[in-house]
Amino acid sequence: MKLAELERYFAAVATSTSGPPADLEQVFKPSARLSARELMSIYNRGYHFRLLGALEAVFERTRRALGAAEFQRLGLAYVAEHPSEHPAVERVGRHFAEFLRARRACNDALADLAALEWARLCALVAPDPQRVLSASAVDPLTFPSAPLSFVPSLTVLSLQRAALTLFASNGDLSAALVESVPAHDIPAKCAVAVWRQRHAVKHEVLGELEHEALELARSGAPVSQFCALFAGGTDAEAAERAFGVVSTWFKREWIGK
Amino acid sequence: MAADFAEATTENFLGRGGRAHGVLARVRGEMDVALHGVSLSVGGLEPLNEQYLTELAALARQIEPLSISDHLCFGTFGGHYAHDLWPLPYTEEALEHVVQRVERVQARLGRQLLLENVSSYVEYRASTLSEWEFLAEVAERADAGILLDVNNVFVSARNHGFSPTAYLDGLPARRVQQMHLAGHSEAAGFLLDDHGSHVTSEVWQLFEHALARFGALPTIIEWDERVPGLAELEAEAELARAVARHGTSRAVQR
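Protein chains in written order, with my numbering: chain F, -9 to 247; chain U, 76 to 329.
The shape of chain F in the complex, shown without the other chains (with noise of 0.2 Å):
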């Protein structure tokens, strides 16, 4: 065999659900206490149980939700379907979310919740931004026609309300059907920001007007433009409404350069 087809049947086998292929032996030598198919096997668990690792270490809450013998089954079974794509090895979650969804192995909340655990390792590893702008660095003349740039870091997710109780109560089902009702003001589906302000990675519900102006501000709009999404009452009630809004994104260290 050429090196192409052994690395190909190398990784066949240790990447395999099914067994080792009955000509292995043909193709590894056994060693003095264990066959080569045996040998192999160490290969392939180690494949296996190294990814399930990198999915427990991020997906801890979600993994803490389903349960350790229900992530494992799945989590396997979602390695298997998608193998890792990036060099670091906890990137290969990046389509557990919507694996778990597309099998309706777990409710839409358990879903989301590992949405949100993914998009928070994200936001920690996210590139730094050149720097971060405070409010007072903002030239008043120009501001209203410019477009805003945003940290790296800064994604926005759709998610039900139950998931951030889920995330809140580390995963504990039980302590999150409790506390759920405080959480009365949230609309059971919210757009939740995730961010990294300096070393730590936050997240926090968006209301529908900040929503929808951040999303104008980060395709481009200029400031006048989705500010203008304030408007209603007096012109001093909307510009300290579009203030208030524009001035806790400064504050959260989401504007950069």
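The set of hints was computed from the structure by calculation and includes no laboratory data.
The beta-carbon is built from N, C-alpha and C at its ideal position, and this holds for glycine as well.
Some hints here could point you the wrong way.
[Stated by the list, open to error] Heads up, incomplete: computed chain F residues facing chain U, CB under 8 Å, no partners named:
#	residue
1	Ala(-6)
2	Leu(-4)
3	Ala67
4	Glu71
5	Ala116
6	Pro117
Starting from the known structure of chain F, fit chain U onto it as the hints suggest.
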């Protein structure tokens, strides 16, 4: 802290920001940092990951590492990453393939790459060279360095039944630039390189042989599992220094 230099896993710092980079910069301010990768897949069939190399080159410009190393193995398949260090068949064809890729990596980075020998659990029937012959030839032909993992030599020697000292004696001394030590565990019928225990007395003895042959070199003791407290780690590092100073591990009783 009783460390002479630090080793950073390359993939934990590529194309990302946040706390990890801050920590790396702070450590780099205090000591040399060696970049040690696990996903280059220098023996793989896939084209080298250009983005990976671009980011690695940028990181190297930023922190000016003591060295850049990765493993003599493959870890990619069909466009995917195994996140494992899969052994290569030691053939002339594989040798030519690896040499070309190492040369390409070194040209991209503008510096020498160190290649680490991996521990392995299986051998290909197709191999026509010993592992040390293969490693030595790659290093010589590609003008690369060797990061000699003494524990990996011991683990593979035990698993495959070759002499670990013959392995060390078969390497070109001038190519060996760094060393790794680690613990391993005894599994059912094989040794597992798990970095989860102290360096064993047999590996200390092999380290002694390596020191006699290659001289004292920057050496890391790797721990990934069941990491003990700092005092215990420092004591083990001090032991490695003592062995390097006195050229003997006879005092080691574990």
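Comparing the hints with the structure gives:
1. Ala(-6): holds (6 Å)
2. Leu(-4): Interface hint status for Leu(-4) (chain F): holds (5 Å vs cutoff 8 Å).
3. Ala67: violated (16 Å)
4. Glu71: violated (12 Å)
5. Ala116: holds (6 Å)
6. Pro117: This interface hint holds because 4 Å falls under the 8 Å limit.
Checked against the numbered hints above, the structure violates hints 3 and 4; every other hint is satisfied.
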